[in-house]
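S.K.: Kindly produce the complete structure, drawing on both the sequences and the hints.
Heads up: the sequence lines are chains A and B, in that order.
Using the numbering used here, the final residue of the first sequence is 717, and nothing's skipped along the way.
Using the numbering used here, the final residue of the second sequence is 1148, and nothing's skipped along the way.
Errors might be hidden in some of the hints.
As the list claims (entries may be wrong) - Listed next, the in silico DSSO-like pairs over lysine-lysine satisfying Cα-Cα at most 27 Å (straight line): (1) A:K150 to A:K101; (2) A:K87 to B:K1086; (3) A:K703 to A:K544; (4) A:K324 to A:K703; (5) A:K150 to A:K38; (6) A:K666 to B:K1069; (7) B:K1028 to B:K1069; (8) B:K1028 to A:K247; (9) A:K666 to B:K1028; (10) A:K666 to B:K1086; (11) B:K1069 to A:K413; (12) B:K1114 to B:K1086; (13) A:K666 to B:K1116; (14) A:K251 to B:K1028; (15) B:K1069 to B:K1112.
Stated by the list, open to error - Going by beta-carbon spacing under 7 Å, a handful of chain B positions derived as facing chain A: (16) P1017; (17) W1023; (18) D1027; (19) G1037; (20) C1043; (21) E1074; (22) G1075; (23) V1089; (24) C1096; (25) G1097; (26) Y1098; (27) C1099; (28) Q1100; (29) S1101; (30) T1127.
Hints were generated in silico from the structure; no laboratory data involved.
Computed from a predicted model, the values in this text were never measured in an experiment.
Just so you know, even glycine gets a beta-carbon here, dropped at the ideal spot from N, CA and C.
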Amino acid sequence: MNKMLKLGRRNFLKASAAASGGLMLGFHIPAGNAAVTKDSEVNAWVVVSSDDSVLIRVAHSEMGQGAMTGLAQLVAEELDCDWNRVKTEFVDPRLNITRNKVYGGMATVGSRAIRSSHEYVRKAGASARIMLVQAAADRWKVSAAECQAKAGVITHAASNRSLTYGAVAEAAAKLTPPKDVTLKDPATWTIAGQPKMRLDMQEKVMGKAAYAIDIHLDGMLHAAIAQSPVFGGTLKSYDEAALANLKGVRKVVALPNAVAVVADSYWEAQKAVRTLPVVWDTGTNGKVSSATIAKFLDEGLAMKDVPVARNDGDVDKALAGAAKTITAEYRVPYLSHAAMEPMNCTVRFNADGTLDVWAPTQNAEAILGAAARSSGLDPLKINVHLTYSGGGFGRRGGAAPGDYVDQAVTIAKAAGAPVRLVWSREEDIQHDFYRPISSAKMTAALGADGMPVAWNTRISGHSILSTANPSAIKNNMDVGFLVLFADNVYDVANIKVDYAMRNTHVPVGYWRSVNHSQNAYFRECFLDELAHAAGQDPYEYRRKLLQKAPKQLAVLEACAKAADWGKPLPAGHFRGIAQIDGYGSYAAAVAEISMNADGSPQVHRVVQAIDPGYAVNPDSIKAQMEGSVAWTLSAALYGEITLKDGRVEQGNFDRYRMLLMNHMPKVETVVVPSGGFWGGIGEPGGPAVVPALVNAMLAATSKPTRSLPIIKRGATA
Amino acid sequence: MINLNVNGTDHAVDADPDMPLLWVLRDKLGMMGTKFGCGIAQCGACTVQINGVAVRSCVTPASAVTDAKITTIEGLSELGDSPVQKAWVAHQVPQCGYCQSGMIMAVDALLKVKPKPTDDEINAAITNICRCGTYARVRDAIHDIAQA
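M.R.: Here it is as structure tokens:
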């Protein structure tokens, strides 16, 4: 691992909350320079202080993926400021309304924080630099072309004069921004492209990083909630008298599909909500179980006349005429996000008609929208305070419509006091927007050389778009569900891909790597079955099929090389390999395993390669790839949300099991940025890891593993 | 009243004797570094030290630790420069960071009794859940401290 032993700098994250006054935060903000300084906003992204520190605004959420630091690196690179004097601040989403979307989209989903905004944030940095240099040139009465900027200092070499950014910021802020700016060649980067230490690190090791759940307000009450255990159910009745003897209880608040208790402390609220007798109207969904859903999906695998996403050549003819065909069905379950910071939201209605909201989010604008909708207030009167998010993984962006914000607004209004609503872990796991359940039936024909000549794929599963963005659904087709198949890069002459949309009552949503995480398992494991049937090395088999896909081939080869593919292994050890493209990047993985006596795999080593085009922070990329291994192994080994009587059976980490230290393999990551494009980082790492592991199991046992999780419920391995 | 000694300071807290230490710290004393993750001693986000031993505060009644020295992440060091914290920064361990207060308190407690832990000893002692998956860096950082 790349070690950075020098403690770089204190983090100066300026919680936007701190400036709003009247607020007690549960954390300490380091005291700044005591001298009076003047801040000048050079543009929407860059504020330069007279003390030469630079504040860079960050419009995306920081939930652990390192976007805050990476985005600041891109701005600072073009700004040519002193990286050691950079602070960051999250953008108030109202500014994006009043300033005509200057910050672009704030949603932090789909591994897009950098790949969707790199151009305009770099231009903001470059534009600010040009204005600062111009201001210095104006003061010296020389041409800006004769001046140079470096590390926050502008120099006019001919007259041996220099000025700092802080000295000219006020003048620069009054200049007209340049119309066109030229961005640097990434090959010349000195701040971006470097493994800079994350700006949030120091406060995160001190317990001082601000999460929404840590906000403390004067007079604040605490709310706990019980939501209808059956999705779609409603609140019928509850017996408030049962709480008469409980201390600290202030109010019971009924919501359409939930009931909340407001108390002096969260523990008292939680105790009361668990004590409260509640009757739910569960409707017709109360009879749904994992077995009925499995049957429903299996029917989808056999349905006639479903929409076709891809139809190359003539699959039916090629299959009919083939000497050898192989068919397999693969299945994956629903999965919960279970971010470490449970869903929570703090709300304060103010006497002046304004509203303050704190919530962990991947989309500040959606939080603003949810708060406006549920409060009835003008969005410009709502201050959404952005904090770090204790994980997100898709639960707090995309498909989730701000359910927890709506609840907190309603509860605070009813309580007549500031309220912090916190979901218990059980509410969090049982009221998620789950990674959808999905199944695949694949049939392939092999030619005389053992290579596939036809590949037919039917996917049956619960469409996310059908609820997240119904207008994007045409003819019952959710193309997002068919990634890695509709765009399968393997060179096979006859390919057919179709989709049976099978929507259940279970809410579904985006989940780190979503459909890539499912389809990579289906595709790459089935491909290994083909290689196995053909008696060929799965790495060489893929290489033959990737001759027309140079980027995929290059990353596969880089990974195989780093993983010592083909070299001898200790007795009882086996390797598996897989490759994917997604989120704009290319990734491959090799897993090295042995089999435990109970039939479960022990993963010893995972080697990954990624080509993200440009690598903005190579150490952050490695961290995301390492984290993806843990994320995806939790899912592959144990992850399974099951239903009984319409409700989720798992409630906490005792039954929704997570990978721990003892099963974390050694991880090595090779970053091979080939340049020329901007790929994502948070999600490309996971999808190849599961099939690499399962393919190693095939190598070890000669038996395919066609459903996940590998360790079924009740097993203790 | 429950009398608690937290990070060397005595506090008299008006709370139900059954209230877990986690909620006394967070809701009564306003010390927010210790986190709520599961409430059933599974995830370790709430880990503090009781007389130097790592304990999951979400299931520890405050009234059970009135005679003990309680140390939270806020009390580990004034400047965030304890050996574990320095190693955490050097290895860039945290991602979202939410579990890391508990992770750091657990590791600090382990190193008190086993200054040079083996991988097996780390596996046995550090059972905190990290959804971001920082485990590989946690292990590297622990070994780094042990070699210092």
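S.K.: Evaluate each hint against the coordinates.
M.R.: Results for each hint:
1. Distance hint between K150 of chain A and K101 of chain A is unfulfilled; the C-alpha atoms sit about 30 Å from each other, more than 27 Å.
2. With a C-alpha separation of about 21 Å, the suggested pair K87 of chain A and K1086 of chain B falls inside the 27 Å cut-off, and the hint holds.
3. For a cut-off of 27 Å, the pair hint linking K703 of chain A to K544 of chain A stands: about 24 Å separates their Cα positions.
4. Between the alpha carbons of K324 of chain A and K703 of chain A the distance comes to roughly 19 Å, so the proposed pair stays at or under 27 Å and holds.
5. Between K150 of chain A and K38 of chain A, the direct Cα distance comes to roughly 22 Å. Compliance with the 27 Å bound is thereby established for this hinted pair.
6. For the hint linking K666 of chain A to K1069 of chain B, the alpha-carbon distance of about 37 Å lies beyond 27 Å, and the restraint is violated.
7. A hinted pair counts as satisfied when its Cα atoms are at most 27 Å apart, and K1028 of chain B with K1069 of chain B qualifies at roughly 18 Å.
8. Distance restraint check for K1028 of chain B and K247 of chain A: the Cα-Cα separation of roughly 15 Å lies within the 27 Å cut-off, and the hinted pair is therefore satisfied.
9. Among the hinted pairs, K666 of chain A with K1028 of chain B is inconsistent with the structure: their alpha-carbon atoms are about 42 Å apart, more than 27 Å.
10. Note on K666 of chain A and K1086 of chain B: the hinted pairing holds, with a Cα-Cα distance of about 23 Å set against a maximum of 27 Å.
11. A distance of roughly 41 Å separates the Cα atoms of K1069 of chain B and K413 of chain A; the hinted pair therefore is violated under the 27 Å criterion.
12. The hinted pair formed by K1114 of chain B and K1086 of chain B meets the criterion: a straight-line CA distance of about 18 Å does not exceed 27 Å.
13. Note on K666 of chain A and K1116 of chain B: the hinted pairing holds, with a Cα-Cα distance of about 19 Å set against a maximum of 27 Å.
14. Of the pairs offered as hints, the one joining K251 of chain A and K1028 of chain B holds, with about 20 Å between alpha carbons and a cut-off of 27 Å not exceeded.
15. At most 27 Å may separate the alpha-carbon atoms for a hinted pair to count; K1069 of chain B and K1112 of chain B meet this at roughly 15 Å.
16. With its C-beta approaching chain A no nearer than about 11 Å, P1017 of chain B sits outside the 7 Å limit, and its interface hint is violated.
17. A least Cβ separation of about 4 Å between W1023 of chain B and chain A falls short of the 7 Å threshold, and the interface hint therefore holds.
18. Checking D1027 of chain B against chain A by beta carbon gives a least distance of about 4 Å; that is within 7 Å, so the hint holds.
19. For G1037 of chain B, the interface hint holds, the least distance from its beta-carbon to any beta-carbon of chain A being 5 Å, beneath 7 Å.
20. For C1043 of chain B, the shortest C-beta to C-beta distance to chain A is roughly 6 Å, which falls under 7 Å, so the interface hint holds.
21. At a threshold of 7 Å, the smallest CB-CB gap from E1074 of chain B to chain A is about 6 Å, leaving the interface hint in force.
22. For G1075 of chain B, the suggested interface contact is broken, since its CB lies about 10 Å from the closest CB of chain A, more than 7 Å.
23. Residue-level restraint check for V1089 of chain B holds (minimum Cβ-Cβ distance to chain A is 5 Å; threshold 7 Å).
24. The restraint placing C1096 of chain B at the interface with chain A holds, with a minimum CB-CB distance near 3 Å, inside the 7 Å limit.
25. Given hint, G1097 of chain B at the interface with chain A, holds; its Cβ is 3 Å from that chain's nearest Cβ, closer than 7 Å.
26. For Y1098 of chain B, the suggested interface contact is upheld, since its CB lies about 3 Å from the closest CB of chain A, less than 7 Å.
27. Because the beta carbon of C1099 of chain B sits about 5 Å from the nearest beta carbon in chain A, less than 7 Å, this interface hint is met.
28. The restraint placing Q1100 of chain B at the interface with chain A holds, with a minimum CB-CB distance near 6 Å, inside the 7 Å limit.
29. Taken as an interface hint, S1101 of chain B checks out: its beta carbon lies about 4 Å from the nearest beta carbon of chain A, inside 7 Å.
30. At its closest, the beta carbon of T1127 of chain B sits 6 Å from a beta carbon of chain A; the interface hint therefore holds under the 7 Å criterion.
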